[in-house]
Structures are given as structure tokens and as C-alpha cells.
Amino acid sequence: TKNNGPLAQIWLAANMTNLSRGSVQQTDVVESAKELAKVTGCIKTNNSDRNNNEDDNEDETFKHITLRTSGELLQGIVRVYSKQAGFLLSDIKDTLSKISALFKTNQRINI
Amino acid sequence: MSASVEVIFDNNDEQMSLPTGVKPKPNNEVSIRRTIGLKKDDYQINDRNITRGDMIRMLESVGFSMSNPYNIVPQGKIIALTNAKDKERLLLLEEVVGAKSFENKLQASLLKMDETEQKRFQINKEMKELENKLNEMEQEKIELEKYNNLEKNKKVIQFNLYDRELNDIINQIEKLDIEYNSILISSEKYLQELDKRELIIEQLKMKLNHIEDELKIKNQSEFEELNNTKDAISQKITNYQIKIKEFENKIKTNKSQLKINNQNLKLLDELINEKQLELNEIKPQYEELNNVNQDLKFEINKLKDQEKILIIKNNKYSQFANIEERNEWIQEEINNLNLNLTTLNNTCKGLEDEEMDLTREFDEINQKIQDLNTSINESTITIDEIEHEIKDLNEMYTKEIDKRKELWREENKLDTVLETNLDSINRIERSINENIDYSLSQGISNVKEIVNKLNIPETSIYGTLGELIKVSEKYKRCVEIIAGNSLFNIIVDTDETASQIMNELIRMQNGRVTFIPLNRIENGVNINYPSNEESNCTALIKKIKYDKKFEKVIRNVFGKTIVVKDLQLGNRLCKEFKLQAITLDGDRIDSKGVVSGGYFNINRRSRLDNLKELQRSRNVYKNTMKELAQIKDEISQIDDEIDKINAEIREVSGKRERVMIKNEDGRLKLNQSKTQLYNLEETMVNVKNKREQMEKNVLLNEAKLKEYELEMNKEFVNGNDGELGDGDDELRDISLQLKSKEEKMLQQNESLMALQIQMDELKAELESKLIRQRDEVELKILQCDNEGMEEELKNLQYQEMDETKAMETIENDIDKMYKDLKELKERKGKENEVLNKANSQQMLLVETLEKYKQDVEKIMIKRSTLNKRKVEVETQIREVGLISEDALTKYTDIQSEELVEQLNDCNDQMKEFSNVNKRALENFKKFHGKREELMGRSHELEESEESIKELIDNLKEQKVNAVERTFNQVSENFSDIFEQLVPRGTGELVIGRQGQEYSGVSIQVSFNSKNDEQLQIEQLSGGQKTVCAIALILAIQQVDPAPFYLFDEIDAALDKEYRKSVSQVIKRLSQNGTQFILTTFRSDMIEIADMIYMVKYHNKVSSVYETNKTIAMNFVKGK
Ligand SMILES: Nc1ncnc2c1ncn2[C@@H]1O[C@H](COP(=O)(O)OP(=O)(O)OP(=O)(O)O)[C@@H](O)[C@H]1O
Ligand SMILES: [Mg+2]
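Heads up: the sequence lines are chains A and B, in that order.
Those letters in the first sequence? Residues 1 to 111, by our numbering.
Those letters in the second sequence? Residues 10001 to 11119, by our numbering.
To be clear, the hints were calculated from the coordinates, so they are not data collected in a lab.
Selected chain A positions facing chain B (in silico; Cβ < 7 Å): (1) 33; (2) 70; (3) 71; (4) 81; (5) 82; (6) 88; (7) 89; (8) 92; (9) 95; (10) 96.
The beta-carbon is built from N, C-alpha and C at its ideal position, and this holds for glycine as well.
Please construct the entire structure, taking both the sequences and the accompanying hints into account.
In C-alpha cells form, the structure reads like this:
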């Protein structure tokens, strides 16, 4: 169940130590956070919708499972977010260095 | 030493999430195994090793936490839950909700958020710098655009200029091509001439080679051979001459000897005759004398007897008184005489017998002599025969030897031929090898060796490609150029053979060859050739003759080539049909239009010719080898024959020796027998004489006897009567007669003796000396076989004549050979002259051609430089790139000089922009895109942060709610279940608070009243404590259900009624898909169980097995 949903990536992020750059970049943190909130029943409107559709018992077990795991998922989301920031930073630095290198070579040519 | 324990879970609802890398089993079971050894402690899931951490995480994902083992209750530990402090129970409940781990994760997440905040700050800073840089870039970009415009202009001008140059070049090339073709056509004539001359020279060379070979053969083998035979024959002649001389000498001496012997013989014969005559003369004399003597003797004896009788009569009769007395005495005398007679007769008979015996023996010996004679004759004949045979054999021997000599000569000749052949093979191979790479030639010659060494059958290796094709003179050059080095590729039947040889070659590390295994050649695609009539060309492959077997190979090498008349045509066809073309002069054009070849090397002999020649020489070599082997075979055969004949000769000689010995032996025996015969004859004569004597004696005795008988019948008269006178007279008479006779006898005897002596002497001389001598001389005469010698001599002379004749023929031959050699040498000189002439003519031709060649080369160089320029210009045009249509027409009216000026202008202007960054545009585009992307991502991050913060707030609130809700739920459930277990009492879970925080969870129960008569925990009995604990566990179970529960003897301390109610409640809860596993010694649990297992401890091993309810009940009760 957890592995197939939209939170699969997050679950993996929570549990795995090394995350590939590609999977990190693909993950949409905002979407994931919304999804997690929905699943844990934080968002009231959605929750009431759910209550109408499904019976209480299921909802309760639903909640109990997620309280233990929501912590982990939260950690996963944060990890992804942090990683994304890290990647962005290094990308920017990279680009900057490339540009400055370019400038240097140009200068050389001009001399 | 190790032990392992395994638990198998049913995971059909997939609550348990397997660690990465572990495959689920098909039936969805999960088996967990722990293996404990002395050193290691391993965990396995579905037979795959995993870490302890993975194992714990997996178990926790379904609620098996190390910190809340409330679903597994060990033996006797059930009341611990009741005895625990309030604080501990609170922790347990919080664990149930998962609040604790949530809190941990939350703290970690917050920490991470702070870190990320730092990063974000940095990002913003860097972003600003990036912005600055990009602005600079934009400036550059604008400059670049200006520059580009200028450049475009320049390109157009350049294009026009280049285009003009290109047209110019193409025109020039065309002109050169025309010039080239005209030169080619004019040189064609010379070339044909050259080819013809080349052919002539080649033929001359071949002829010369043949002459040289012949010369060599003649010089080395035939001439030498002739000389050798001549030497041998002269040797033979001298030998014969020596022998003839010897024989002649011998015959001479023999003849003189014979003369002497004959003289001697005559002398001896005369002597013998003389003696014999003498003897014969003497003999009758002697015999007469002897007879007379005998008669005399007889008479004397008779007279003596008469005298004696008379005397006796006189004496005796006087003695007798009467007739009776007298008669008695006479009778006695008669008796005596008779007795004597009988003995005499007996002796006579004995002598007769002896005589007969002797005669028989004589006959026997005679027979023997005859036999011996015949046998000697026979053996003499045999010896003759044998000698004949030996002669025949000797003749055969010499014949065979001659034959062998002939063969040796032949062998010698063939050896020389072989040698010259090998020389020519080597020569050709050398000239082939000059034209190819050293390692390749090395490889090819090594392959031959390897094939011999590995015994690879000839049918699996066919030879080099060049050896296997036939091409007419006209197309030879094309084939050679197209094939190139693949002429020397070796064709084999399979890649197996190839790799076999290859491995050996690699092992030898000497040489390199390419193999074409027939089984590996792909059938090439079908090739379209331009039709003949239309295009004036032909496919090269049609001009090659080859074995169908090699079709694929030939197609591979030559299939894509057509032969064309000239380069232009070739060029067109090549492009059109995607083929390569070749002219008869060897100029080659491939489908890309590249021309190669140009002028060919005149002085180089065609490789194909060489290969062909090599093939031919090899064949000759092989045939000669075969012939040689055959001759060697014959020689060995003749050797055998000679050996055989030798052995036969030896054998026959031995036989002759044996027969001769036997013959000698026979002669000896014959002589012996002859002597014996002679002796016998003598004895016989003696015996006869003796017998005759005896017979005479008998007669005498008989006479005496008659007388006595007469006497007896006479009247007795007294002795002294008148009769006495008578008697006296008679007596006197007799004695007188006797006396005279005795005298005569004495005389006779003397003369007889003399005669006897004379006779004996004669006989002795005859027999012991003369006859023997004569016999010896006769034997000598017989032995000296002059006739045979003369025959031999004649033979020898004939042979000598033969040899002399042979010598003459050989000398003739030698003379002829000299002549031949001379002629050959002359011819060689002539041919050499012709060759030199041809060569010098050739040189002249070559020189003219050389001139042409230089011209052509010049053209080619020009052409190639032009081509190079063309390619350059073409690439320059390509570099200029695409130009719009109007740009092409824009400058058509402007002169080139003007265009150059404009170009210079353009270049000047462009110089101002020398600092322009040519990649500015591209860079700008690139980094602009990058910047957009990075900005977007930064923005996204911002949004993410916000959403996470919101989420965290939500979750915090959620947690509080959840804990609250769970606590309420659990306490509600507790009261519920407690009431079910203890219908008379009540129970309650009280959650204590200190402000916002929870402080503890206490249990308040009463067992016998619904009123508030609550008991302190310490006051409860063991059974009551157990009930409380069970109620708590089951209450939690309803909120946070574990997949199964394991209770070890929780009913040990329970009363009967509680046992019943507990079992009822468990039964009910087990309906919701939760599994309860219980151990018990009571019947109540057994009553409600779905499955029952028994544990048995036997032989120090405890085993578990399934059983049914009744047996279990009996077991529990029976105990
Ligand atoms: N297969 C086994 N191999 C080695 N030791 C064993 C084995 N089975 C049991 N034991 C040992 O025997 C002892 C008793 O085992 P255990 O407490 O499991 O028995 P039990 O059936 O629960 O007893 P009870 O009915 O009293 O609760 C323990 O010390 C245990 O280590
Ligand atoms: Mg036990």
C-alpha cells in the first residue's frame, strides 16, 4: 500500500541512505506534503469527504498506522527537500564556475 | 557448531514489507531464520542474508517492537503488566500510538530544516552573482550579432570567389585528362610493342633456361656418366687383355707340357711294349719249360713211386710169407691211398670252391668298377651341367649389374634434373617474394612445411588464390591490381584447417598469412553490371577462369570490378553502379571516384605469371620425384635380384664342390678296386695252378691205386724168385731213368728259375714303374684341358671384342655429346645475343616509354595538385556553408578584383570586432536557459519550505489528537472487556495529567461490586492481577491490533470462572482475523481452540505434533 502510492518515493527517501539525484529532482515536495496531510487526515475538508465515503473503522486504523509512519514520512519529505536545496546550491555554484571559466578563456583569446 | 531457528509468517495481506533485495515467495510466506554459531550470528529472510537492523525494521513495520512486547507474554510475566507503575503503563500506551517515534522523527526533521535554511541563504546569494554575469553576457551577445552580419557578407563574397576558382580548376583538370588520354593512346602502341617484346624476352629467357638446364644435365650427369662408362669399359678391356695373356701363356706351357708328356708316353709305351714283348717271348718259353718241368716232375714222381713200389715190393714181398700177408699190406696201402685220395679230392674241391668264390668276387669287383665308372661319368656330366648353370648365372648376374648401372645412371640424371628444377622453383619463389612482404612470404613457405608436418591432406588446402585462377594475358594486370595481396591468400576447405595451421604458425612465431576457409565465405549480394554493348565494359570476373569450388572467393575478390576502356567512362559507371572500375592499363577508380594506379612498373614480372610458372615447375618437380622414386624402387628390386643370383651362384658352386669331391672319391675307389682286381687275378691263377697240381696228384694216386689193385690180383710170388730179377732190372731201369730225368730236371729248373727271375723283373718293372708312370702321364694329359681353355680364351676374346665395340660406341657417344654440348653452348651464345639485342631494344622502348611516363607523371602531379586544390576549395565552400539564393546572383556582374576588395573591406571591419566572443550567443542562450531553470527551482524550494512547515504544524496537532483519541479508546475498551471478564465488577483506566503533559496511567478495578469499592493493586490476588492484565492487553489489541498474540500459560493463576470468561473473550476476538497462540494445562482453552498441538519430550528431544481435541482433553485430565 505505502509502496505503490504517491508517497512511495518519500517512503524510500525515509528509509534509504543514498538517494539518486534523479529521483530526488523528480519528487515534488509540495505535492508530497499535501498528500501526506491528506493521508494523515490533517486537512479537514478532505477528511470529511473521506468520512462520508468510507466507514469509520477503516478510517481509524488508517489514522493509527499513519501516526507511527507519518513521522518517518515527514522525515523523508524533509530529506528530499534538503537534498534538493543542496543540489540546487551545487548546480548554481557549478554554473557560476563555468561562466567564470568561460570569461577567462575569452580573455585569453582576446589577448 | 551452530543452531538455527526459523519462523514462517503468512503474509498474504502484505502487511509485512520485505527489505530491498529480498524476493517474495510465490505463496507469500515469509520465513525468518536466525543462525547462531560460535562466532557468527546470521539473519535470513527467505533464504537471503540480511542485517539485524533490516530484520528489526521489517518486524517493526507490523508492530513487533522491542519496546512493547505486549503481544508476546512469556511464562509467568502476565502480572507484570498489572504490577507496573503508572508511568510505565503511560509509556506503553504512547508506544502504541507511535507518539514517541514520531517525536524523534519530528526533531530530526526540524534540525534538517534549519540546515536547509542555511543552504537557501547561500542559494540566494549565488543567484544574484549569476544574474550579474548573465547581464555581461547579454552585452557580448549584441556585439556578436553585429559581427555575424558582417561575416555573412564575407561568406557570400568568399563563396563567389571560391566558386569561380573551382570552375576554373575543373576546366583545367578536364584539359589535363584529355592530354593524359592522348598520351596514353600514343603510348599504347609502344606498350603493346613492349608487351610483345616482353613476351619474346620471356620466351627467350625460358628457352635459355631450358638450354642451361639441358647443358647442366648433359654436363653433370650424362657426360660424366659416359666418361664413367668409358672408364669402366677400358678397365674391363685391360682386365680382359690381362686375362687373355694369362690364358695364352697357360695354354702355351700346357701345350709344351703336353708334348713332353706325349713324348714320355710314347717312350713309356714303347718301353712297355718292348718289355711286354720280351715278357711274352719269355712267357711261352717259361710255360713250356714249366710244363716240361711239371711233366718231368710228374714222371720223376711216377718213377719214384714205381721205384718205391718196386723197392717195397722187393723188400716187402720178401717179408711176406704169403699172399694174404701181402694182400693185407697192399690192402692197407690201398686204404691209405684211398684216404689220401679223398683228402686230395676234398682239397681239390675246396680249391675249386675257392676259385669260384674268387671268380664271383672278381665279377663283383668288376661290377663295382663298372658302377664307379658310370657314376664318375655321371658326376662328370653333372659337373658339366653345373658349370653350365654357373655360367648362365654369371651371365645373368652381369646382365643385372649392367641393368642396375643403367638405372643408376638414370637416377643420377633425374637427380640433376630435380636439382635444376628446384633451382628454378627457388628462383621463381624468390622473385615472387621480392614482390611481397617478407613475413607473408615466410608465412606461405611455412604453411607448406606445416602442412607436411601435420599431415594435412592435400584436399583440404588448395593453395594461394593466385595459383588457382587463370587469366588471359590481356586482363592479367587488372586482376593483379584488383587482387593485390589477396593473390597470396591461402584457400582452405574449413576454418578448422585454417585455425589448425594458424595455431602452428603462431607457435612458430614466424610469418603471417591470410586464410580463406571455403565454408566461411558468405555469398555476396548480387551485383548489377552495366550491360556490355551499351557501356563498352565488362565484368572482370567473366575474364577469369577458375574451379567452380572457388566461385564464392572469386566473387568476393573480383565481383565488384568492371574493366573499362578509359577513365572517364570508368568514373561514370563507378558512380552509377557503385562498383570499382579498372582500365587495361591498371588505373583504378573506386565508387567514390578516387583514381589510383597511374603508371605501372614495366620491369616487374607479373606476379600471376610467376605464380603460374611456379605451379608448372612444382608439377614437373613432383613428377620427377615420382619417377625418381620409381627408379629407386627398381634399383632396390634389382639389388634383391642380384643378391638372389649371388646366393644361387654360391649354392651351385657349393654343389659343384661337393660333386667334385665325390668324383675324386669315386676315382680313388676305382683305383683301389682296380688294384684289388689285379691282386685277385693273381690269386686266382695261383689257386688254379694249385688245383691243377692237386688234380695231377689225384691222377697219380689213382694210378698208384690201380697198380696196387693189379698187384693184388697177381699171384703171390716169393720175392726172391725170378721175378726178383725182373724187378731188379726194372728198378735199375727206373733209377737210371730217374737219374737222367732228375738231372734234366735240375737243368730245367735252373733255366726256369732264370726265366722266372727275368720274368719277375720284367713284370715288376712293368707294373710298379712303367704302367704307373704311363697312367700318371695319361692322367696329366687328360687333366690339361686345353680345349676348355681355348674355348675360354675364345670367349674372352669375344668379350674383349664386344667391349671394344662398346668402347667405340661410347667414344662415338662422347664425341656426339661434345658436339651436342658445343652446339648447345653455341645456341646459348646465340640466344644470349638475341636476348641482349632484345633487351637493348627493350631498353630503348623503355626509355621512350620512360619519357612518356615522365610526361604522364607530370600530368598526374599537376592533376593531383589540382585535385587537392579542388578538394580544398570544395571544403572551403562547404565551410562557407549555406548561402541564400539571391546572394549567388547578387555578385555575378562584379569582377573578381572588385570582389576581393570588398572582401578586404569586410575583413577590416571585422577586425574591429576582434574581441568579440564568438560563442557569446550560444553561451548566452545556454546560460539563460540555465538561469531560468535554477530560478524556477529556487522558487519551488520556497514553496516546499512553506508547505513542509504547514505540514509539521498539522502533524503536531494530529499527534496530540491521536494520543488523546487512542487513550480514550483504550480506556473505553478496557472497561468494556473487564466487564465481560468479570460481569459482577467494574474496571477503569485512569489517565493522569499534569497540565498539558500526561503523567501516568493507573488501573482501578472492583471484582464484586458495581459500586465504587475499588481495590488497590497490591491487594489483588494473582488471578485478579492476571485478569486485569489480560483486559489491558485485549483493550490495546482492539486499538492497535497485532497479527498474532503469544500467551504462555496466562491461565496458570486463573480461577475456573475467569478461565472460562477469558477463553470466551479470546474466542470472540479471534473471529476478527487475529491469531492467538496459547499454551495451557487446562481444558477451557482447549475447548475453544481451532488447532491443537502437543509437545513431547523424548530422548532428550522435544517435538511438536498436531493432535485432536479429545486426545488433548484426555491428556490434560489424565494428568
Ligand atoms: N529441543 C530442546 N533442546 C534443548 N533444550 C531444550 C529443548 N526443549 C526444551 N529444552 C530445555 O528444557 C527446559 C524446559 O523448557 P521449557 O521451559 O520450554 O518447557 P515448557 O514446556 O515451557 O515447561 P512448562 O510446561 O513448565 O512451562 C529449558 O531449560 C529448555 O532450555
Ligand atoms: Mg513453559
